[in-house]
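Chemist: Chains as they are written, first to last, in the working numbering: chain A, 68 to 428; chain B, 3 to 252.
For the record, the hints were derived by calculation from the structure and aren't laboratory data.
As the structure is a computational prediction, the values presented were derived from the model and not from experiment.
Be aware that one or more of the hints could be misleading.
Which residues of chain A face chain B? A few of them, derived with a C-beta cut under 7 Å, are [claimed, not checked]:
1) T137
2) G140
3) A146
4) P184
5) P278
6) R288
Think about it this way: if two alpha-carbon atoms lie no more than 27 Å apart in a straight line, the pair counts; the simulated BS3-like pairs of lysine-lysine are [claimed, not checked]:
7) A:K353 <-> A:K402
8) A:K270 <-> B:K11
9) B:K194 <-> A:K274
10) B:K18 <-> A:K274
11) A:K274 <-> B:K11
12) B:K195 <-> A:K274
13) A:K274 <-> B:K232
C-beta atoms are modelled at their ideal positions from N, C-alpha and C, and glycine is treated no differently.
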Amino acid sequence: MADKPIKGEKRFFVTGNEVVAWAALAADVDIMYGYPITPQNEIMHYWTRLAPKYGRKFLQTEDEISAGFTTCGGVFSGARAFTATAGPGNTLMQEPMSMAEMMRIPAVFVITQRGGPSTATVIYSQQEVTLTCFGGNGEGMRIVYSPGSHQDLYDYTIKAFNTAWKYRFPTFVLGDGYQAKMRESVIMYDPEERGVQMEPTEKIVGKEGMPGVDREPAHLRNTYNTEEELNVVVNELVDAFWKAAPEIVEHQEFNCEDADIVIVAHGVVTRAAQAAVKELRDQGKKVGHFRPITLRPYPIEAMKKAIAQAKEIILVESAEGQLDKLVKAELYGSKVPITPYFRPGMGITSEEIVEFINKKG
Amino acid sequence: MALAPNMPKAWRAETKPHKFCPGCGHGLVLKAVGECIDELGIQDRIVFGCDIGCSLLSWDFFNTDAIQTHHGRTTPVLTGVKRARPDRICIAYMGDGGGYAIGSQHLVNAASRNEKVTVILVNNCNYGMTGGQMAPTTLPGMKTETSPYGRDVEATGNPTQGPEMVSAITPEGAYVARGTTANLRQLKKMIKKALETQLNGTGFSFVEALSACPTNWRTNAKDTWNFVEKEMTQYFKVGELKVPGEKEGK
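Using the sequences provided together with the hints, build the complete structure.
Modeler: Here it is as structure tokens:
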């Protein structure tokens, strides 16, 4: 059996789905559970080709509900486990994701957003932001990374496993169909050689010793009998989440210091926004860009600083205001007006952003 | 607190008396499960999963690790455990609604894949926890909260024949049986064989247990037992349907 999947550093020119499979291998993932849906399929395709060579496992389940719950089962047993889905599959998977929130199950979910609502397109969108951050009958105690490049996909897929196991919240890599399917250059590396220690996993059930004799049995539940009992549990979840949040939040900003206009965008759209800032700066306009990398928890303190001097925010996303809703909730009380540029289910180019900003004068 | 001498060792004394209604069959099935765990000496290897519905009340029943899951989702959770840790002995414990309605796709596919887990399904002809609605196993003409004039098979179909279905889709090496709380000695043998099947790694193992729900049936002791022994067995034949190493149709 081959030892480490990646030694040293290597440059590749591959699709995002291939990047995710390699990143999961490099992160020492033990098992993937999955159900076919476009545009995430090739994560499974690469994983099933690579995994046996490195002693890793795969199970194809009967649907996304099962893929999510088997992933939870794998994690309970102490495995570093993940699944991947998109669109209607993400909808179905909300049930196990909700259980993962309640029971603090450090499962990792890779989402490759496709068009919505319903079956829609298999291509691309940013319409699964609300679902991924706040789906299920809970409080959104989830950690959501929004990668913008193949390098991000590699880095944050590895990081997702560490964040999940460190803080014990379900963790999401919220990509999209463009990132999943396009090829671009990426540097893959062995995390250890970069000084990234993989957060150790733990057997949540199946620890050593006789339960009831050598140790207490693990009796895990998500059902509670009284309002008071549940309230205590939810408060603990919420407290733990917000205590960890300052260590988790991540963002990037570009030329915000003196910007009159700050473009807010996430995921693959950050690239159009970054290019638009360059172009508009060349034209002499004071434009900057703020990119939340974590959508949940949201990097609100950094964003408040980035827009402190701004006269306007242009909110750009491939959805009808899902990031917008997040931002508005976080920015309540701010006087900076927000102008939307929404294109649900469609890609956005830098030229379009430049034109939009120039037209509005 | 000392347990009465006839209680299984694997039972957790601190959570007894159990939380099921008087006359409920769950305690009997769980007693059989406990005795099998004792006799096989596998208490430290068990991961016990329970569903939503009355079966969830077993979440702290044993001195074993246990996961109370979602309605219908016990089979995939335990499948996930078993796939990642094949040395664990995984028991998915559920009711008829969880196994045959909301979780039927999981039962069918786990059986088809011949997952090396043990599913124990308690059939009491109704949804007990939610107040006695019609279940896939409700008998023709039987009155429930959602079939108040009696189950009309023209409109709602016939009772689900679980073990027959599982037997039809599992390969040789699986174990499939239907027992009854009216014959505990036999039920226990079946559960033991199911667990042995998992220990031997030959295939999926499935035991349906006919059980009583006097609370929702609104029956006295005599009528309760009459229903389990006479009425239910007209539709649900007790016996082994598939045994590793034996010819089918035995």
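Chemist: Any of the earlier hints contradicted here, and which numbers?
Modeler: Of the numbered hints, 4, 13 do not hold.
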